[in-house]
Each structure stands twice: as structure tokens, then as C-alpha cells.
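K.L.:
My request is simple: use the sequences and hints to build the entire structure.
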Amino acid sequence: MVVSGETGRFSFTVKAPTTPGTYREYFQLVIDGVQWLDDVGLYWDITVQ
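Residue numbers for the sequence shown follow this note's numbering, so the first one is 5 and each next one is one higher.
Just to be clear, a hint being listed does not mean it is correct.
Cβ-Cβ distance ranges computed for the label pairs, FRET-style [claimed, not checked]:
1. Thr22 <-> Asp42: 32 to 38 angstroms
2. Thr22 <-> Asp49: 29 to 35 angstroms
3. Gln53 <-> Tyr30: 33 to 39 angstroms
4. Asp36 <-> Ser15: 18 to 24 angstroms
5. Asp36 <-> Arg13: 29 to 35 angstroms
6. Ile50 <-> Val7: 28 to 34 angstroms
Please keep in mind that the hints were generated in silico from the structure rather than gathered at the bench.
Beta carbons are placed, not taken as given, at the ideal position from N, Cα and C, and that holds for glycine.
P.N.:
Right under this line is the structure:
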């Protein structure tokens, strides 16, 4: 949990698909059990070769 004014650090493990290409992974914040936040979230483009 990250409260207002704090900074959080997160790490993820992503398994690459077998088909090469560029994939976009999206993340959006949620208040657990309450609602999704209106923020646009964030994303990373991942290139698989």
C-alpha cells in the first residue's frame, strides 16, 4: 500500500510471447475494493525479437 504523498517501487516479471513484435503493457491504479482511479495509468512498450 502507498499512501498519499509517499512513493512506491514495484517490480514485475513478464513472460515474452513466442511471436516477435512490439507489445504494450498497461497498468492502472485502483483503490482496492473501492474504485478504479480516473488517472490514465501508465504503460510500457516491450519489443520481443
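K.L.:
Which of the listed hints are not met by the structure?
P.N.:
Hints 2, 3, 5 are the ones this structure does not satisfy, whereas the remaining hints hold.
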